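Q: With the hints in hand, could you dock these two chains into one complex?
Next come the chains, spelled out residue by residue.
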Amino acid sequence: MIVNALLVATGGFFGAVARYIASQWFGKRFPSVFPYGTLFVNLLGSFLLGLITGGRWAPAVSLLFGTGFMGAFTTFSTFKWESLQLGEKKQWKALIWYLAISYTAGVILAFLGYAVGAAIDPHHGER
Amino acid sequence: MKGEVAAVPYLIVGVGGILGALLRYLLGLYVHFWWQSPFPLGTLLTNLIGCVALAWITTRLLKPGSFQTWIRLGFGTGLIGSFTTFSTFSLETVELLKRDLWGVALLYVLLSLWGGLLMAWVGCRIARSQLQKRAKEAESA
Numbered sequence: 001m002i003v004n005a006l007l008v009a010t011g012g013f014f015g016a017v018a019r020y021i022a023s024q025w026f027g028k029r030f031p032s033v034f035p036y037g038t039l040f041v042n043l044l045g046s047f048l049l050g051l052i053t054g055g056r057w058a059p060a061v062s063l064l065f066g067t068g069f070m071g072a073f074t075t076f077s078t079f080k081w082e083s084l085q086l087g088e089k090k091q092w093k094a095l096i097w098y099l100a101i102s103y104t105a106g107v108i109l110a111f112l113g114y115a116v117g118a119a120i121d122p123h124h125g126e127r
Numbered sequence: 001m002k003g004e005v006a007a008v009p010y011l012i013v014g015v016g017g018i019l020g021a022l023l024r025y026l027l028g029l030y031v032h033f034w035w036q037s038p039f040p041l042g043t044l045l046t047n048l049i050g051c052v053a054l055a056w057i058t059t060r061l062l063k064p065g066s067f068q069t070w071i072r073l074g075f076g077t078g079l080i081g082s083f084t085t086f087s088t089f090s091l092e093t094v095e096l097l098k099r100d101l102w103g104v105a106l107l108y109v110l111l112s113l114w115g116g117l118l119m120a121w122v123g124c125r126i127a128r129s130q131l132q133k134r135a136k137e138a139e140s141a
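Taken in sequence, the protein lines are chains A and B.
Mapping the first sequence onto the numbering used here, position 50 (from 1) lands on 50, and the numbers just tick up by one.
Mapping the second sequence onto the numbering used here, position 21 (from 1) lands on 21, and the numbers just tick up by one.
In isolation and in its complexed conformation, chain B is listed as follows (with noise of 0.2 Å):
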């Protein structure tokens, strides 16, 4: 019975990557279909919008409770950790090097390191604004 228990964490970690894996692939399937460019738009897409999601839900979650524990696993480590990816991005890199397109693979890189870290940013900054939005109105009901 306790390792039953002890198993659900896991589970709901799996299912929410069963969707975050799911959802990349078709976003990458998606984007290939219009997109022709070797810039490998389909990733980086799905990594900025992870990086925001992400940083939203844990930053709004922040408060300790067995609801918002679930939530963060399910959503937060399960579906948005596995919709993005970072082994994809190095071997596209990689890829973008082989074919000799430097421009490129830097340009990548780059988007990658400072777009990510800015779409994690304000996602954070969203969620920090909508707690003391909310916070203000507790306090002047």
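Only chain A is shown next, with the shape it has when bound in the complex (with noise of 0.2 Å):
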């Protein structure tokens, strides 16, 4: 229990860190009204998660990467709060757009990362 809550912990503290590494670098490179650095971390972070889930691997590691560091670098909140502040500023086009391919890439990428790692199954074989 401890050991699991190290792990989740671990990979959290990265996972934030990355997170606001990659917000400031998008918000840097690409300065616009439209959130490319959140869109970036959550379909990044979706086929990533997918791929962890999908390769079945040990529980420590899913932990760690999965829980901890996928959980805490992709993020719900900002999304809605970014969401909701497009649509105060009537930026309805962006809005749509956002919310648009956040869900749709979002599970197709989650569906393609759980594809590819269970093809690349480390455990294959063996069971």
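Careful: at least some of the hints might be erroneous.
Chain B regions said to be covered by chain A (calculated; three or more residues, Cβ under 8 Å) [stated by the list, open to error]:
no., region
1, 6-20
2, 47-59
3, 75-85
4, 108-117
5, 124-130
Calculated directly from the structure, the hints in this document are not laboratory data.
Here the structure is a predicted model, which means the values were calculated and not measured.
All C-beta atoms in this analysis are idealised placements derived from N, C-alpha and C, irrespective of residue type, glycine included.
A: Here it is, written out as structure tokens:
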């Protein structure tokens, strides 16, 4: 239990810092009303979590990289806050694109990640 | 010396990230303990709570200032950002679809989509009315 919590905490630390770095980088590189940074971390994280889960990695690996890192790297609250801001600024087109791409691409990438993860399953053939 | 100071925001976000990830993990374990249905209630609750909290904090601390910036970074970007998760949401939707639970998957997506927006709006409204009340009190004092 303590070990599990430590794995999640370690992943959470690096996931949050990686998200912060990514959002700063995108903010500088692509200054826009459109939240490219959050979209990028959420889509990449969805793919990678799919990969980890599809590969049926050891529970410790899944807690560190999945629950800890990917859980913290991706964010739902910032996504919704940015959506609300786009609505308040009446940027309807950007808002609809942001919601549509996040939900459809997020699910599709998680699905693809899962398929790739299952294909390169490290325990393949052991069972 | 300059490098050390520049590392401080990252440390604040990281420590917030530790707390956020742990809270999400514990809430998930707790919900899993009594919730038997395939509907991913744990993640939905986490995400909706986080939406209210982030909108409230960000609106409440909109004024620039070093204290406000640290709180926004630690609690907003770090803690609440890590507490809520998008990757788990995406993956759970895929898992529901794989089990042919299309209705549950649709309900999950719609509740996340509209519930999240509604919760963010609520958090923002609460913070604004508190700020207005405070401004009125300052005026009459």
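Q: For every hint, state whether the structure bears it out.
A: Verification of the hints:
1. 6-20: Result for this restraint: holds, n = 10.
2. 47-59: holds (count 7)
3. 75-85: Since three or more residues must qualify, the claim that chain A covers the region 75-85 of chain B holds, with 8 doing so at under 8 Å.
4. 108-117: This one holds; 5 residues, not fewer than the three required, reach chain A with a Cβ under 8 Å.
5. 124-130: violated (count 1)
Comparing the model with each numbered hint stated earlier shows that hint 5 is the single one that does not hold.
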